Amino acid sequence: MLGRVGEQIASPLDTATDQMLADRAADGDLRAFEVLVRRYGPLMRVYATRILGSNDETDDVVQESFITAWQQLGTLADGRAVKSWLMRIVGRRSIDRLRARRLHVNIDDTDAPAPESHAPHVLAETLSQTEALAHVLAALPEEQRRCWTLRELADYSYGEIADELNLPASTVRGLLARARKTLLREMEDWR
Amino acid sequence: MTELTPADQRFVAFDLDDTEREQAGLNGHTLEQLSDYLDRGRVPAEKSIDDSPDCEIALRGLERLRRVQASLLELDLKRESLRDDNWIASILDNISLEARAGREIPLAHPSPTARLVITEGAVRGILREAGDRLENILVGRCVLVGDVSVPANPITIVVDATIFSGENIPMLAERLRQAMHSALGRYTELVVAAIDITVSDLYVAPKASVPDEQNR
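Top to bottom, those sequences are chains A and B.
Position 67, counted from 1, in the first sequence is what this note's numbering calls 67; the numbers after and before it change by one each time, with no gaps.
Position 118, counted from 1, in the second sequence is what this note's numbering calls 118; the numbers after and before it change by one each time, with no gaps.
Take the hints with a grain of salt, since some may be wrong.
Stated by the list, open to error - If the Cβ cut is set under 10 Å, some of the chain B residues that face chain A in the computed set are:
| # | residue |
| --- | --- |
| 1 | D85 |
| 2 | S111 |
| 3 | R141 |
| 4 | V145 |
| 5 | D196 |
| 6 | V199 |
| 7 | S200 |
Said to hold, decoys possible - Per the computed footprint, the stretches of chain B lying under chain A, defined by three or more beta-carbons under 8 Å from a beta-carbon of chain A, are:
| # | segment |
| --- | --- |
| 8 | 26 to 38 |
| 9 | 55 to 65 |
| 10 | 123 to 132 |
Unchecked claim - Example chain B residues on the side facing chain A (calculated, C-beta under 10 Å, incomplete):
| # | residue |
| --- | --- |
| 11 | S71 |
| 12 | L92 |
| 13 | V148 |
Honestly, the hints are just simulated from the structure, not real lab data.
For clarity, every value in this text was computed on a predicted model and none was experimentally measured.
Where a beta carbon is used, it is the ideal one built from N, C-alpha and C, also for glycine.
Could you put together the complete structure from these sequences and hints?
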């Protein structure tokens, strides 16, 4: 298990199935809910940060998502699906944030230049490649990054991405193709 | 990675806009098709892909991208898991227990003007608590079936439970039933006609609860 600061006293709930935890949380068990927060919160934070392009708003988005989840747990028919249900909530919240942000500032973050470190002479180690990928992902145009993140972190189908983002499926296909090529091209440069 | 194209020569198929060049460079295929092919585990085998050295280069690139993505996710998750617990505390602090309180169940009171209730959520809490005091059993969903708003109206309680594998199921279920009965008698005035316990799962010996974040 990954080490965590302030680890709770071991409880049988820590290893309970998602279904058990979701059922208990729906019944009002805050301890079961806390186990779900610990189990999927980190993934949800990574996911939100990727969609948003930075971690400035991650705390807020993830917190709002869990509060929504708590309120709506009664509507979750199958507790085994709680992970993808949570991912959907936080994905939606993150996308809403982006939309709201766009109303306030007319930003155009498309095609930001890739950071310097991508010059072909560097980065052989996996760790650096990983960091480099993080930079390239962050520098992707917003729509591409959103599509890519929904696809890769939340396992959405093309159709689901289209629904979620209100875009034609053909556009989603195109955005994913562009994102894929950009990532592949950048990776070629790291050799 | 010397198996790829020479560093000074770009791999044409990774060109951003030109689908025709992409297909020309990939034996008539697109990167999307190759990516789907990888998703399918390269089955059923497609000769026009497998036999094309250009496709092979692209497939290797895609595989490498996936590997690096997976390790990036792992790294990010590790980083997030090592954070202090403030964010968890802040979530739990902002949660309202009322949201899951359910129906109100009247309790008798000597004064005719006083109205005393216990919430359904609190009763479920009492039931869970009774179960959690027992070993080798975990109580899941608890449902109060019947009109709980009418005092002395008999109700049924339906409980899901998980029992550790290897335990005696009927014996533990009976113990749970008794514990729940006596806890309800202590804290509520509910008339319980029956407590139906369904053992829906056997709980396998504890192992670390690492989220199954990656199975690709």
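Status of the hints after comparison with the structure:
Interface restraint check for D85 of chain B: the shortest CB-CB distance to chain A comes to about 4 Å, inside 10 Å, so the restraint holds. At a threshold of 10 Å, the smallest CB-CB gap from S111 of chain B to chain A is about 29 Å, leaving the interface hint violated. A distance limit of 10 Å between C-beta atoms decides the matter here; for R141 of chain B the minimum to chain A is near 4 Å, and the interface restraint holds. For the restraint placing V145 of chain B at the interface with chain A, the shortest Cβ-Cβ distance is roughly 14 Å, beyond the 10 Å limit, so the hint is violated.
Taken as an interface hint, D196 of chain B does not check out: its beta carbon lies about 16 Å from the nearest beta carbon of chain A, beyond 10 Å. The closest approach between the C-beta of V199 of chain B and any C-beta of chain A is roughly 12 Å, which is over the 10 Å cut-off, so the hint fails. Given the 10 Å rule on beta carbons, the hint for S200 of chain B holds: about 8 Å separates it from the nearest Cβ of chain A. Beta-carbon proximity to chain A at under 8 Å applies to 4 residues in the segment 26 to 38 of chain B; the threshold of 3 is reached and the given coverage holds.
As drawn, the segment 55 to 65 of chain B meets chain A at 5 residues by the rule of a beta-carbon pair under 8 Å; at three or more, the given contact holds. By the rule of at least three residues with a Cβ nearer than 8 Å to a Cβ of chain A, the coverage given for the segment 123 to 132 of chain B holds, with 3 such residues. For S71 of chain B, the shortest C-beta to C-beta distance to chain A is roughly 5 Å, which falls under 10 Å, so the interface hint holds. Checking L92 of chain B against chain A: minimum C-beta separation of about 6 Å stays under 10 Å; hint holds.
With a cut of 10 Å, the hint placing V148 of chain B at the interface with chain A is violated, because the nearest CB-to-CB distance is about 15 Å.
Figure legend: structure checked against the earlier numbered hints; hints not met, in rising order: 2, 4, 5, 6, 13.
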